[in-house]
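Peer 1: Protein chains in written order, with my numbering: chain A, 1 to 447; chain B, 1 to 311; chain C, 1 to 253.
Since the hints were derived computationally from the structure, they do not count as laboratory data. Keep in mind the model is a prediction, meaning the values are calculated, not measured. By construction, the Cβ of each residue, glycine as well, lies at the ideal position given by its N, Cα and C atoms. Check before you lean on any hint, since a few could be wrong.
Simulated restraints on C-beta separations [said to hold, decoys possible]:
(1) A/N31 to C/P16: 44 to 52 Å
(2) C/Y39 to A/L13: 49 to 57 Å
(3) C/F129 to A/V439: 16 to 24 Å
(4) C/F129 to B/K176: 56 to 64 Å
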Amino acid sequence: MPSRAIHASSAALFVLIFVIMLAVVYLTAMNHDMGWDLSRSKENTLDPRTRNILSALDFDVRVTVFDKPGRDRDKARELLDLFSLESPGVHYELIHPDIRPGTARRFGIDRYGRTVIAGKGRQVMVDSLTEESFANALLTIKQERKKNIYVTCGHGEPGIDDEEKGGLSSLASALRKDGYRVSGALTIRLDAIPRDADLLIVAGPRERFTPEEIQALREFIHQGGNILIALEPLADGGLTGLLDEAGIVIGDDLVVDPVNHAAGGEATMPVVSAYGSAEAVAGYTGATVFPTSRSLVACDNPPAGVSISRLARTSEQSWAEHDSASIAGHEAFSPGPADQKGPLDIALLALVQTGGNRKARVLAFGDADFLTNAYFNVAGNRNFALNCINAVLDQGYLISLDEGELRDVPFVLTPGRRALLFWVPVVVVPSLLLSFALVPAWKRRRA
Amino acid sequence: MITIDDLTKVYGSRTVVDRVSLTVNHGEVLGLLGPNGAGKSTVMRIIASAVPPTSGRVRVMSCDTVTESIKARRCIGYLPEHTPLYPDMKVESFLSFAARIKGGRKNGVKDRVRNAVIEFGLEEVRNRSIATLSRGYRQRVGLAQAMINDPPVLVLDEPTQGLDPEHAYEIKQLVKDLSGSRTIVLSSHVLSEVSQLCSRVAVLKKGRVISVDSTEELVSRHQNHTRITIRVGERLDQALKMIEAVEGVISASSSNSQVIKAETVRDRDLRPVLAERIVKSGIPLLGIAREEMSLEEVFMKLVAGEDATRA
Amino acid sequence: MRSIYLKELVQYFSSPFFFVLACVFVGVAGVFFYNAVAYANLLATQMSQYQAPGGISVSAVILRPLFMDMSLLVILLVPLISMRLYAEEKAAGTMELLFTYPVSDLKVLLGKYLAGFSVFVLILAFSGFLTALLAVATTPDWGVVLASYTGLILMGGTVLALGVFASSLTGNQTIAAAVTIGGVLVFWALGWFADTVSSGYLGAVLRELSLAGHLSRFFNGLITLKDVVFYLLFAVFFLAVTLRVLDFHRCRG
């Protein structure tokens, strides 16, 4: 039947063209995918850090998960879907290592769940795919060269390997997670400052730096090096002059805030929630706790080539206590006439234009405790510190404005309510619906 | 009102309607007559836009049923063969559905339904579900849905089929009442019905129109025969030959070994002549009777005769 | 279109069909619900024995399993709703009436589809009291509930389109329902095939075509453009093919 054949083939053609059209629409939607997370706990929303990393992604990433079908694998896929929702550059493949043993062997897979993350010709293998392991792998791939952070020691500073409450191990591991190489620098001489240092951290020196060391630091800044200086009250490490040159004056005082201090803490633990507009802190709303800190003052007339931006300020109720007896704890705090009234700067960033069109950045904190293990994970300290460092090192995409949230909610069921949850859905409502079905039929029969 | 031009419909390799051309004028009632499978229903379905033609075109109120299908459909009330209805709906809700879907004025649905219920005598069953209705009522509901929006053209496919005589009579009365200013096409394989209702008749056979006449003409043209039934004791073949030779006999045939049926001219009674001949030749004559041909037989003959002439 | 829609609703409600279906759906969902609640209660009790407060993720322990179960109920429920839409008309011969009424096939189709859709959503809405009941024990994540229902409704609409298509193929409602359930299960399971059969392009295509695969994000509270578009296109495809089938029937008489 030629006419029937024509009919059939035209129908087939219609379906084919239609399918192609729909496929194009679907692929377009896929490539411009977006999501709306309605869940209260934002379970489907990636951590801002991961989001930032993904949205700054300038290369394609291939993720290959080697796992057998199951809950873990489904989880991995959901996660990967979230990643690719955030960045179109993420492609993934899930492989059953027992079905494709050749591929698995090529990647050296010896365990279920192993995941290969590849991009820019490099690849990273993680034991199991999590948001964190993925983000860190991306950072490893992304950074051509790991940026180096050196932390000074030898002047009574806390150590980066010190896991006690006064140590800096939490800071160091957080920085490593963000893709930096963190190491200690033993002595500070000009030739001892490693040439590859991207940031030098001077946190809480108890002893003074020698003039030679200070000169070395000065040279380091002049060559465009970045430096973070966090000073405790009563111990300036002899760095006053150096900071002066960057337009930052250190107050010889103790910041006291009788109103805004950490809960259960003392007035000498001011809580800061007012931030400047610099990249590092813009939009940040977390609270930061600075246990025992001194005030900083930005010079009204900073030296030529220096511009200063505010990072964190205390509240108006605070003041800078100069009374040494009070500071020593012998007397109660009271704002004296010589005491500077709040708000006080507690963190400043100086941008120093140096010769050869280089820019050095000096991060100054009136406190060093907030970086130590005891306080690093308190309130928003961690994010604040990391944001400042990441901004200084031009890793702005790592800046995070987030604090975690609780996902679990209480579930309390009394026996009476438990019975309610059984009888209503299983018996009452269905019977009600059934009676709606039966009553008209019954009526009809009677009529 | 309805113009059918060279209409052909082919299903697979079967040509169901073969180059049919017809015109139905305003206010005319046209009957489509033909045996089952003659293509009556198909023609009507094409008129009603239920089926597109394979070739040719149909225009209803000068709207093409293919290119201006919706417009054409608005002018038509259609009662399909076997009167399909929704058994689970109530009469009134079905009629209001029909009224609403046929559109036009949004309001007035209630009025139209009420009028239809009265006009077609459905008051008693208005709230009964269609499944519980008798055939007669079903047919009335079918007519009512066709008529609900007062269309200028009505297409009724075998409106009395399957009804007992009383109900068939009722329906015929209703159709008669509906005719007048309306253009109606109805199909039937019952000539008497057609002759009562229609002003013109188109006879279809194997998808072709074999004649279009006014009803009177058709009846008088084909009802000019009288049939004589002759029963003989033996020698049937000889008797048959003899009867065929008698002047005035048009044809003769036998269906079994004793009975001969002879078609004769109408204006003379040939019984004496035939009886005389048979008796003379010594064939035992058991009986002879004369009967007028019924309309049904005329119709049968009409169809069969056409077959014979073509063969 | 409105008249068809109303007529279909009248027909759905002219028999005990609707309430019987609703009763079965809600009853079975209720059993699943109680099962999830009892399990959650067990978990909470255990946790309160070891730790201080009995906190659980209600979304993970109750809502997600409940909606998973309900999605299975939906793919059994919807074919029963869709089966009659065309098959009944064909069996009763009323297709011919519809073909000659002054409405386009598309409007008839949409009217029927929307009527079936309304009935489905209504039945699904009856189950809404389940999550509302949860409020006596805990605070469910209403965002997740909302997203899950959105997913179920979209998925049901897709199955409905498939069902309308199957219904247009036959005059037998039972066959229509069976074909629909079969078809849905195939599309449902495509994701599983995708995992085992192949991991290349074919696997990706199969996975994207899987009906179930697009649900999980809804149940996590995440509505993505991709998933929404998938279900809509799936429905549009089967509705368009149905239109084509109707055209074919019209020509064939």
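Peer 1: Just tell me: holds or violated, for the beta carbon distance of C/Y39 and A/L13 against 49 to 57 Å?
Peer 2: 53 Å, holds
Peer 1: Between A/N31 and C/P16, is the Cβ distance one that fits in 44 to 52 Å?
Peer 2: 49 Å, holds
Peer 1: Please check whether C/F129 and B/K176 have a Cβ separation lying inside 56 to 64 Å.
Peer 2: 60 Å, holds
Peer 1: The hint says 16 to 24 Å between C/F129 and A/V439; measuring C-beta to C-beta, is that right?
Peer 2: 21 Å, holds
Checked against the numbered hints listed earlier, the structure breaks none of them; every hint is satisfied.
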